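J.: My request is simple: use the sequences and hints to build the entire structure.
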Amino acid sequence: MNHQPNQSIEILLVEDNIDDADLLVDVLQQEQARAKVQVIEDGEAALAYLRRDEPYLNAVRPHLILLDLNLPRKSGHELLAEIKTDPELKRIPVIILTTSTSDLDVKTSYALGANSFVTKPVDLDHLYAIVGAINNFWLRTATLSPR
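This note's numbering puts the first residue of the sequence shown at 1, with every later residue one more than the last.
Read the hints as simulated data drawn from the structure, not as lab findings.
As the structure is a computational prediction, the values presented were derived from the model and not from experiment.
Backbone N, C-alpha and C define an ideal beta-carbon position, used for all residues, glycine too.
A portion of the hints provided could be inaccurate.
[Stated by the list, open to error] Quick list of in silico lysine-lysine cross-link-like pairs, BS3-like style, CA-CA up to 25 Å:
hint, residue 1, residue 2
1, K36, K107
2, K74, K107
3, K90, K107
4, K107, K120
5, K120, K84
6, K74, K84
7, K36, K84
8, K90, K120
9, K36, K120
10, K90, K74
[What the hints assert, rightly or not] Ranges of calculated distance between the beta carbons of each label pair, as one might list FRET restraints:
hint, residue 1, residue 2, range
11, N136, P72, 30 to 36 Å
12, T99, N136, 18 to 24 Å
13, T85, Q30, 30 to 36 Å
14, L104, P146, 31 to 37 Å
15, D125, S75, 28 to 34 Å
16, V60, N17, 22 to 28 Å
T.: What follows is the structure in C-alpha coordinates.
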(Lines of atoms letter the chains of each structure in order from A and count residues from 1; the text may use other names and numbers.)
(Lines give C-alpha, C1' and ligand atoms only; values in the text may rest on other atoms or scores of the structure.)
Protein backbone atom coordinates (compact mmCIF):
# COMPACT_ATOMS: atom_id res chain seq x y z
CA MET A 1 0.00 0.00 0.00
CA ASN A 2 1.20 3.55 -0.66
CA HIS A 3 1.15 4.64 2.97
CA GLN A 4 3.92 5.45 5.36
CA PRO A 5 3.82 3.10 8.39
CA ASN A 6 2.37 5.79 10.67
CA GLN A 7 0.09 7.47 8.13
CA SER A 8 -3.61 7.13 8.84
CA ILE A 9 -5.98 5.30 6.54
CA GLU A 10 -9.14 7.30 5.97
CA ILE A 11 -12.35 5.27 5.73
CA LEU A 12 -15.82 6.66 5.09
CA LEU A 13 -18.53 4.46 6.58
CA VAL A 14 -21.98 5.32 5.22
CA GLU A 15 -24.35 3.60 7.64
CA ASP A 16 -27.65 4.80 9.10
CA ASN A 17 -27.88 2.24 11.91
CA ILE A 18 -25.91 3.86 14.74
CA ASP A 19 -25.41 0.56 16.62
CA ASP A 20 -24.02 -1.12 13.48
CA ALA A 21 -21.83 1.91 12.77
CA ASP A 22 -20.39 1.98 16.30
CA LEU A 23 -19.66 -1.73 16.19
CA LEU A 24 -18.05 -1.49 12.73
CA VAL A 25 -15.88 1.44 13.82
CA ASP A 26 -14.70 -0.50 16.88
CA VAL A 27 -13.89 -3.61 14.85
CA LEU A 28 -12.18 -1.61 12.08
CA GLN A 29 -10.00 0.22 14.56
CA GLN A 30 -9.10 -3.01 16.35
CA GLU A 31 -8.13 -4.61 13.03
CA GLN A 32 -6.32 -1.54 11.69
CA ALA A 33 -4.90 0.80 14.32
CA ARG A 34 -4.22 3.47 11.68
CA ALA A 35 -7.84 3.55 10.53
CA LYS A 36 -9.63 6.86 10.93
CA VAL A 37 -13.30 6.21 10.31
CA GLN A 38 -15.79 8.96 9.48
CA VAL A 39 -19.42 7.87 9.83
CA ILE A 40 -22.12 9.54 7.75
CA GLU A 41 -25.72 8.45 8.26
CA ASP A 42 -27.42 9.18 4.93
CA GLY A 43 -26.67 9.24 1.21
CA GLU A 44 -27.16 12.98 0.69
CA ALA A 45 -24.80 13.89 3.52
CA ALA A 46 -22.25 11.34 2.29
CA LEU A 47 -22.23 12.93 -1.17
CA ALA A 48 -21.83 16.39 0.38
CA TYR A 49 -18.93 15.03 2.47
CA LEU A 50 -17.22 13.50 -0.56
CA ARG A 51 -17.67 16.65 -2.63
CA ARG A 52 -16.62 18.85 0.31
CA ASP A 53 -19.85 20.82 0.21
CA GLU A 54 -21.28 22.62 3.26
CA PRO A 55 -20.93 21.68 6.08
CA TYR A 56 -18.00 19.44 5.07
CA LEU A 57 -15.65 22.00 3.49
CA ASN A 58 -12.62 20.49 5.27
CA ALA A 59 -13.55 16.85 4.77
CA VAL A 60 -10.69 14.46 4.18
CA ARG A 61 -10.98 12.40 1.01
CA PRO A 62 -11.25 8.74 2.07
CA HIS A 63 -9.03 5.94 0.81
CA LEU A 64 -11.97 3.52 1.04
CA ILE A 65 -15.77 3.73 1.33
CA LEU A 66 -17.91 1.17 3.14
CA LEU A 67 -21.47 1.72 1.93
CA ASP A 68 -24.78 0.38 3.19
CA LEU A 69 -27.57 0.15 0.60
CA ASN A 70 -30.57 1.02 2.75
CA LEU A 71 -30.02 4.68 3.53
CA PRO A 72 -32.31 7.65 4.06
CA ARG A 73 -32.50 10.57 1.59
CA LYS A 74 -30.39 8.85 -1.11
CA SER A 75 -30.06 5.09 -1.37
CA GLY A 76 -26.72 3.32 -1.44
CA HIS A 77 -27.22 2.51 -5.12
CA GLU A 78 -27.98 6.15 -5.95
CA LEU A 79 -24.90 7.28 -4.01
CA LEU A 80 -22.74 4.62 -5.66
CA ALA A 81 -23.88 5.74 -9.11
CA GLU A 82 -22.95 9.35 -8.31
CA ILE A 83 -19.56 8.36 -6.88
CA LYS A 84 -18.63 6.20 -9.86
CA THR A 85 -19.63 8.85 -12.44
CA ASP A 86 -17.79 11.67 -10.69
CA PRO A 87 -14.26 12.13 -12.13
CA GLU A 88 -12.93 13.22 -8.72
CA LEU A 89 -14.45 10.34 -6.76
CA LYS A 90 -14.62 7.32 -9.05
CA ARG A 91 -11.14 6.03 -8.12
CA ILE A 92 -12.15 5.51 -4.48
CA PRO A 93 -12.92 1.82 -3.88
CA VAL A 94 -16.47 1.26 -2.67
CA ILE A 95 -17.35 -1.86 -0.72
CA ILE A 96 -21.05 -2.49 -0.35
CA LEU A 97 -21.59 -3.67 3.23
CA THR A 98 -25.26 -4.47 3.68
CA THR A 99 -27.74 -6.89 5.19
CA SER A 100 -29.15 -7.58 1.71
CA THR A 101 -28.70 -11.00 0.16
CA SER A 102 -30.72 -10.09 -2.95
CA ASP A 103 -29.22 -11.16 -6.28
CA LEU A 104 -30.66 -7.98 -7.79
CA ASP A 105 -28.79 -5.84 -5.23
CA VAL A 106 -25.56 -7.69 -5.98
CA LYS A 107 -25.98 -7.33 -9.76
CA THR A 108 -27.00 -3.67 -9.52
CA SER A 109 -24.09 -2.86 -7.20
CA TYR A 110 -21.50 -4.35 -9.54
CA ALA A 111 -23.18 -2.79 -12.60
CA LEU A 112 -22.84 0.61 -10.91
CA GLY A 113 -19.14 0.06 -10.22
CA ALA A 114 -18.93 -1.40 -6.71
CA ASN A 115 -15.53 -2.92 -6.00
CA SER A 116 -16.98 -5.57 -3.70
CA PHE A 117 -20.29 -6.70 -2.23
CA VAL A 118 -20.30 -8.07 1.32
CA THR A 119 -23.33 -9.17 3.29
CA LYS A 120 -23.18 -8.08 6.94
CA PRO A 121 -23.12 -11.09 9.23
CA VAL A 122 -25.50 -11.36 12.15
CA ASP A 123 -22.95 -12.62 14.68
CA LEU A 124 -19.85 -10.92 16.06
CA ASP A 125 -17.34 -13.67 15.14
CA HIS A 126 -18.30 -13.48 11.47
CA LEU A 127 -18.19 -9.67 11.60
CA TYR A 128 -14.61 -9.81 12.87
CA ALA A 129 -13.75 -12.30 10.10
CA ILE A 130 -15.27 -10.08 7.40
CA VAL A 131 -13.64 -6.90 8.66
CA GLY A 132 -10.37 -8.80 8.96
CA ALA A 133 -10.67 -9.91 5.33
CA ILE A 134 -11.46 -6.34 4.21
CA ASN A 135 -8.49 -5.09 6.21
CA ASN A 136 -6.12 -7.74 4.86
CA PHE A 137 -7.01 -7.14 1.25
CA TRP A 138 -7.92 -3.47 0.95
CA LEU A 139 -5.68 -1.99 3.65
CA ARG A 140 -2.67 -4.32 3.60
CA THR A 141 -2.50 -6.02 0.19
CA ALA A 142 -4.07 -3.69 -2.38
CA THR A 143 -2.45 -0.44 -3.42
CA LEU A 144 -5.05 2.28 -3.04
CA SER A 145 -5.15 5.31 -5.29
CA PRO A 146 -3.52 8.45 -3.89
CA ARG A 147 -6.10 10.94 -2.67
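J.: Do the alpha carbons of K36 and K120 lie within 25 Å of each other, as the hint requires?
T.: 21 Å, holds
J.: Hint check: K107 vs K120, CA-CA at most 25 Å. Holds or violated?
T.: Roughly 17 Å between the alpha carbons, so the hint for K107 and K120 holds.
J.: Note whether the CB distance of T85 and Q30 lies within 30 to 36 Å or breaks it.
T.: 34 Å, holds
J.: Is K36 within 25 Å of K84, Cα to Cα?
T.: Status holds; Cα separation ~23 Å.
J.: Would you mind confirming whether the straight-line C-alpha gap from K74 to K84 stays at or under 25 Å?
T.: Given pair K74, K84 holds - Cα atoms ~15 Å apart, limit 25 Å.
J.: Keeping to a limit of 25 Å between CA atoms, is the pair of K74 and K107 held or broken?
T.: Distance ~19 Å between K74 and K107 Cα, so the pair holds.
J.: Assuming the hint says 30 to 36 Å, is it satisfied by the Cβ distance from N136 to P72 or not?
T.: Check passed, 32 Å falls within 30 to 36 Å.
J.: How does the Cβ-Cβ distance of L104 and P146 compare with 31 to 37 Å: does it lie in that range?
T.: 34 Å, holds
J.: For the pair supplied as a hint, K36 and K107, is the alpha-carbon distance within the 25 Å limit?
T.: Violated. K36 to K107 sits at ~30 Å, over the 25 Å cutoff.
J.: Within a Cα-Cα threshold of 25 Å, do K120 and K84 meet the stated pairing?
T.: 23 Å, holds
J.: Does the Cβ distance between D125 and S75 fall inside 28 to 34 Å?
T.: Holds, at about 30 Å.
J.: Look at the Cβ atoms of T99 and N136 and judge whether their distance stays inside 18 to 24 Å.
T.: 23 Å, holds
The structure shown violates just one earlier hint, number 1.
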